[in-house]
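Starting from the known structure of chain U, arrange chains P, A and V on it as the hints suggest.
Protein chains in written order, with the numbering used here: chain U, 1 to 361; chain P, 1 to 361; chain A, 1 to 361; chain V, 1 to 361.
Since the hints were derived computationally from the structure, they do not count as laboratory data.
Worth double-checking, as some hints may not be accurate.
Pairs involving identical chains hold if they fit within one copy or between any two copies, as the list cannot separate such chains.
[Claimed, not checked] Below 25 Å or equal to it, Euclidean Cα-Cα: the simulated SDA-like pairs (lysine to any residue) are:
hint : residue 1 : residue 2
1    : LYS53     : GLY256
2    : LYS37     : ALA9
3    : LYS344    : THR267
4    : LYS7      : PRO276
5    : LYS53     : GLN325
4 protein chains.
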Amino acid sequence: MSTIDVKNANTVEVGYDEFCGALAAHDLQALWSLQRKIMPDTPIPATQPWLWKWDTIFPLAKRAGELITIERGGDRRVLALANPGLHGLPFTSTTLWGAIQYLGPGETAPAHRHNPSAIRFVMTGSGVYTTVDGDACEMQPGDLILTPNWMWHDHNNYGDEPMVWFDGLDLPLLVNLETIFFENHPDLQQPVRGHGLSEQLHAGPGLAPAGEDRDPLNSPLLRYRWENTERELEELLRLRGGSEATVEFLNTANGGPAIRTFACQMTRLLPGARTPTRRATGSSVHVVFQGSGRSVIDGTVFEWGPGDIFVVPSWAPVDHEAGEQSDHFVLSDRPVLEAFRLYKREKLPDRQEVRGVFEPR
Amino acid sequence: MSTIDVKNANTVEVGYDEFCGALAAHDLQALWSLQRKIMPDTPIPATQPWLWKWDTIFPLAKRAGELITIERGGDRRVLALANPGLHGLPFTSTTLWGAIQYLGPGETAPAHRHNPSAIRFVMTGSGVYTTVDGDACEMQPGDLILTPNWMWHDHNNYGDEPMVWFDGLDLPLLVNLETIFFENHPDLQQPVRGHGLSEQLHAGPGLAPAGEDRDPLNSPLLRYRWENTERELEELLRLRGGSEATVEFLNTANGGPAIRTFACQMTRLLPGARTPTRRATGSSVHVVFQGSGRSVIDGTVFEWGPGDIFVVPSWAPVDHEAGEQSDHFVLSDRPVLEAFRLYKREKLPDRQEVRGVFEPR
Amino acid sequence: MSTIDVKNANTVEVGYDEFCGALAAHDLQALWSLQRKIMPDTPIPATQPWLWKWDTIFPLAKRAGELITIERGGDRRVLALANPGLHGLPFTSTTLWGAIQYLGPGETAPAHRHNPSAIRFVMTGSGVYTTVDGDACEMQPGDLILTPNWMWHDHNNYGDEPMVWFDGLDLPLLVNLETIFFENHPDLQQPVRGHGLSEQLHAGPGLAPAGEDRDPLNSPLLRYRWENTERELEELLRLRGGSEATVEFLNTANGGPAIRTFACQMTRLLPGARTPTRRATGSSVHVVFQGSGRSVIDGTVFEWGPGDIFVVPSWAPVDHEAGEQSDHFVLSDRPVLEAFRLYKREKLPDRQEVRGVFEPR
Amino acid sequence: MSTIDVKNANTVEVGYDEFCGALAAHDLQALWSLQRKIMPDTPIPATQPWLWKWDTIFPLAKRAGELITIERGGDRRVLALANPGLHGLPFTSTTLWGAIQYLGPGETAPAHRHNPSAIRFVMTGSGVYTTVDGDACEMQPGDLILTPNWMWHDHNNYGDEPMVWFDGLDLPLLVNLETIFFENHPDLQQPVRGHGLSEQLHAGPGLAPAGEDRDPLNSPLLRYRWENTERELEELLRLRGGSEATVEFLNTANGGPAIRTFACQMTRLLPGARTPTRRATGSSVHVVFQGSGRSVIDGTVFEWGPGDIFVVPSWAPVDHEAGEQSDHFVLSDRPVLEAFRLYKREKLPDRQEVRGVFEPR
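Extracted from the complex, chain U is given alone in its bound form:
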């Protein structure tokens, strides 16, 4: 059996410059010249803190509704929030896809499925349901709808006004894992088995049909209604006091995250509340559902109001301050980091020094 040979190795009698050229020619790179860049002392994210204004994105989404029809080949009328730090990629952070989807009256976004998982957080509108593996889930503002890994889904607007929702996907993560699968449904709309099935069987607190799989790939509950979320926020503030409350959306079968690859939360800040400065590994996207205020991210001030969306990069110091009472829907990649014990979070002792104010464009 032949073994690794060091005796008869060629000699390469070259100077440093030629040596570097030889490396490049043979698809090699010298670590010593790039170590500090790829191994910094603390994270140096490419993801930039950024904010998209509702006043900018909604008119464009509406205009898209006039210009673009939805049909096979261009299934979704979606505007992706492309972080300017990511070299032109249509991703909001290196792990999270955030986007605005616009569905006009009478429109149907056709049925398909993919192994990236998605959530839909409804921002405005009415008269829409998303069918997920045959279960038609009504969508109301503030609702969270799951369309998990490989489940068929189509969106249907049977009302008379457009709906706009926030799409969150783990697509960038799966792109990086080079593991995307996608399939179109043979029909525009999949057959509907019923309306609100997942809520009928899985919204009973602590109740489940006997004998059910206790560790399913996805949460059996597919719709989380705003009225429940809001009640929970109110109870938390009433019972625990303070000026900040956060609710997490969970898989009703096993208490894990509603979607395995990201965390979904809703945070309420009371008027005037200012959070401590914190930082955590992993990125998060904030969708301002109600209220207005400002956040300081890594020294830059971001002013926000209803419908605005902003992203907080990994390990960036951040604090939030509510002018009026405010509700943020927050999507993050925390469970991915936790799976490998890479999640770190800390509270910083001091307020950040403000070094600038973000100018939305």
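What follows is chains P, A and V alone, placed relative to chain U:
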């Protein structure tokens, strides 16, 4: 409390071209123009199947040994295997860092730690130990040495010949998660508590000190000796027959992977063995430790011999054929995919049609 | 170091009878004489199938209410359902304690705690709350109330009628594990932090306060209301059809059983429904909440009506037949068996041959 | 649907004595009269601290070898260590079966299987193997052999001296769970697939055949050799210092206990070592493999030497003192308690007051 407003939205009376310009100006991208690219039916990896020849990399590593000294600021004499599909990044696949490290007689690669985890698979040489959190682990050809997440490590050559090993890291994954932490040790070498401590306490089969943490971040065993690996391969072939055997390296505390973020395996093929054609999600790097043969990856033939290293991209069909008896050390990202139930593997019914032969450069 | 010695062993020159006497004298028993008894081919439970009639137990419980006052030293007015197969032990099966508790108007069962966990299933009455670690849980007929391992609890009747509930405990299991701890609270009643706290924070479907322990010892939800249970039963029957539906009560934090050591279920049978004949390892106690019918257990017919309670031993074939629509609350030790992979369940192909009718006494 | 009726309940106009009689007649027991007995403040085990002397049990085992033949119907020549606190049951504690098995030259204990799991700890002898699902495991003094849940096993003495080993089973636990299954093999001896198969594939430290089940019901390693155990004890003492070391026997596939329902440990005490006084919930059986000394259990002194076996009840204070260097094999039910978070362990501040000395009988 202010809420999302759709009534007073500005109107954007622009044509399609202007509309597209407006999107770009506001950091938005239209999904309908890029959906098929980011959501293909099956994975289209950027990672290319590729092979680096020992005859090429060893002389360059040796020359680096003459040209580059190891000291603070350039800690490691490492040549990264840079996949040509990855736009100049020094990564072997989108999740795996593969590299060759060269350490000359009398040299010490100084102590540091980082949260990317690493394995070292020894290719050739003697007289070296790696100290991991105070435990000096001897390195012999065929050994696997772990330097897990955030453990101090330095490499020391006290012998009279150089050593070359393969470095495998989850660095690309952590770069994408934007979660790298790094620290230099105050001293060139960390203090040594003992030699082979992890083997003394954790190489007793099914034995562990009572009361020990049963779910540690990392395997308490840090060195997996070639003699044990080879014996296990021989037993497997003897007891189960066939012409192919694969051993997996595990965390002795909980039976999980030795390192949480990747799988390490050693595969032996008997002379003339040809594996079925398989494909799996996720990428893998093969280090040919002994023997020679060829692999067909996605229709291209790759000839390999001792010391050669090649990479198999996600979902690429692959089969291996051994000329003489061959041992491959294989590093893959399978546990990352499994954590999110994204791992898929299948055997293909037919041999691949060969469309070309890889020409190493 | 001295080692086991076989050379200098005494010789015992005795005949078989003397030998047997010698064994007994030295606290030894010969396996060969008892193997078939302790190692039968299939389970031979000591637990007998048995039934207690409401018409018998309620008048006695009521009379106890007249004869026995509740005070320190005799904390609870509880009648234990003592299985006649268990040699006088006050246990319903070898793992489950089932009992009837009676609390008159104005009475308080004083605060204490113990590591046996308990559930309370309310049979009749109103105007009572159980305080569990400061959380006052109202009790209504059909409700399930948890008083888990080591949580303070007292029961308080502030109404004008008595309440009767079923107590289920894992006490026999813990007696056998010889692991009981008990403590009286310094006061008759513990301080009340609030009313319905667990419901306010943990009855939002798929919602929980962020950052909460996801694997607590006990379910954070302490009260499971009958109205929710009944709605879930109705939905199950509506959506899945059939004439039998079973709901399981779960730990809202992790999807495990509401109490770690037993399973709680509610089964509804439609009028005329007859279940297949099944058997499972482990025992269960059925509390008939509504309706009437009969069950065949190991060949014996048990007629039941509202308030009756019966026990099904391990591996006994059983089928149930509802005359009118019927709801059974069922307590079993299934999670204990599952923890050690000792749970087996099967459907038998044939109806049981009826060999007798149970005569309640 | 008929519901629970309290209106038409019969009145029971009886005095206290008659009332008590009525309870008994209807299979009811009043909790208030028995609460302190079944709910003590701390565990009051029925299991007594007890010790069986090698000098007593070995001659009786040997005599059994002369008087009793091994054949179908009396499969095993086993003397059970029957705790005098357990009302004549042949159990060493309420959860553990401890016994001595004697197998003479040329004898075979026929093949059978049962869902109680067993371990064999070899005390003396040679020339024996136990076949476990076709894998012939050699037995040497100090070895631990597993015959887990439902695996076929027969014992075969092909040598010229008798062997004596300690049998440990979870039989009492399964008796209490009323879940015993047993089956005789059609043949006296099952077919042998090979010798030492489990060691050949699973004794490589941190190595396993790829693709193997990582959460099997039982450890894939069936024999734990004394030489490995002793080496681990020596290393532990050398590396960690102190005068006491304990090694635990684990499932090589997942790091859990070698057998799910009990913990197996080997403890070495150096000459003169005296442990702190500790107590823990759950019971344990100590088999003195080598050395001599004394233990104080709940105030009583137990002197022990090679081959002696003693039992420590739940929550009993215990400390051990080695005269000469001593090795104890210790079997306990700890994993059962841990599964339900009932395991508690503490170190007591003071030495126990000695109240008596155990007189073996």
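Going down the list of hints, with the structure as the test:
no.: 1; hint: LYS53 / GLY256; in the structure: neither (32 Å within a copy, 43 Å between copies)
no.: 2; hint: LYS37 / ALA9; in the structure: neither (32 Å within a copy, 44 Å between copies)
no.: 3; hint: LYS344 / THR267; in the structure: within (20 Å within a copy, 36 Å between copies)
no.: 4; hint: LYS7 / PRO276; in the structure: neither (62 Å within a copy, 35 Å between copies)
no.: 5; hint: LYS53 / GLN325; in the structure: within (19 Å within a copy, 58 Å between copies)
Of the numbered hints listed earlier, those contradicted by the structure are 1, 2, 4.
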